[in-house]
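Trainee: Sequence:
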Amino acid sequence: MSILIGLAALLSWIFSTSTFGCAQHFIDGSGYSVTSSSEDAGVLTINLAVNTASTSTPYGSDLSALVVTVTKTEKDSVRVKILDKNSKRWEVPRDLFTAGSLGTDSTATSAATDPLYSFNYTQNPFTFKVVRKSDGYTLFDSSGISLVVKDQYLQVATALGSDLSVYGIGESTRDNFKMSSGDKQTLWARDQGSATPIVNTYGSHPFFLGINSAGQAHGVLLLNSNGMDVTMDSGHLVYQAIGGVLDFNIVVGPTPANVVSQYTKLIGRPKLMPYWSYGFHQCRWGYGSVDALRTVVNKYKSSNLPLDVIWADIDYMKNFHDFTLDPVNFPQAKMAAFMDEIHSSGQKFVPIIDPGIPDDTNDYAYTKGLSMDIFIKDTSGKPYLGQVWPGPTVFPDFFHPDAKSYWGEQIQL
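Mapped onto mature numbering (1 follows the signal peptide of the UniProt record, and there is no 0), the consecutive letters of the sequence shown carry residue numbers -19 to -1, 1 to 394.
Worth flagging that the hints you see were computed from the coordinates, not collected in a lab.
Beta carbons: idealized from backbone N, C-alpha and C, even for Gly.
Treat the hints loosely; a few may be bogus.
[Said to hold, decoys possible] With beta-carbon atoms standing in for the labels, derived distance ranges:
hint, residue 1, residue 2, range
1, Asp65, Gly269, 46 to 56 Å
2, Asn105, Trp71, 23 to 33 Å
3, Arg265, Ile357, 23 to 33 Å
4, Pro178, Thr119, 26 to 36 Å
5, Trp71, Ser242, 27 to 37 Å
6, Gly269, Arg75, 43 to 53 Å
7, Thr103, Pro178, 35 to 45 Å
[Said to hold, decoys possible] Capping the alpha-carbon separation at 20 Å, the derived lysine to aspartate or glutamate pairs in EDC-like fashion look like this:
hint, residue 1, residue 2
8, Lys282, Glu322
9, Lys246, Asp228
10, Lys280, Asp294
11, Lys363, Asp344
12, Lys299, Asp272
13, Lys315, Asp272
14, Lys66, Glu20
15, Lys66, Asp228
16, Lys299, Asp335
17, Lys252, Asp76
Based on the sequences and whatever the hints tell you, model everything.
Mentor: As structure tokens, this is what we get:
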């Protein structure tokens, strides 16, 4: 277990900062060449062989053979997927996309009629290009920087038009959604406070929206959940990932609104949030009692400041155990009275709940989770043990079919 914790700490350190304006380091590999290709039902399959396998880098040997599938069944998007031909690799599970087209098998049996893009590729070295037909604008061009695919290092790049503005590749505390030359954005989701500038935080979104000088837009999603750096350098956007596959989904736009619609068609439309959630919220760590919460709400009112939602951080818990109340500072009766007060004023209350359940046989959420076999397992088949606010903790597997009922029961109790 100490090895696993140490590995997690190492990965967190490796992907803990984003470097701006420094010399970038990319592998200049020999690339791959096309050995054969075929097309059927709107899917182009291209087989590749490495030109000269390199073992001189610390990242290991190049994979000897790749297969590229180009899915051209949609009119406004194209999917380019580069896989290891000989071994199965980690991919983002398709069933996560319950509301998007990425989660379903295409019902198309042929290429899209009159697609809004063209796809072309070169033989040696293999590169590919996607062009929007309406204006001839290049949406993705992998030439210029070598395609490198190793077991724990994947590198691919797209050339950027000199007039293209690139927005996205988050989540980050940088002060601008627009990337600039020299920017390196690390994608590795972690619990990092937003006070530190230019670092990666809670989300990992390998998607960018590009807008050219004519106001025409397109979008590119790399469907890969591994840690990666995305760097804008010398007219290229360079992806460097430590695992998985290269699964690009390119949407043609041409308006920003079109891009957002095409992107959310892939991953699933956002849910409509409750109306009150768009209001004014107050939240922080350090409210030590129910009375402290009440004082904050009352001061908003006396100062004629709007307040729709008051939050409580995990101060309200007993020993930081989920689904509990501190009997001294947040006793149940006083909390119930406070709820009645704010609800009578049309306000809402949000208690923060962490996903870590304490490894404590006196904790109902823990024993119930064990009985339902709900927790994430380690390599030995035992509940994976981590360290969070209450101390040693286990974590519900929210992909477990009974996770929803388990979590809902704890909240209702």
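Trainee: What are the numbers of the hints that this structure violates, sorted from low to high?
Mentor: none
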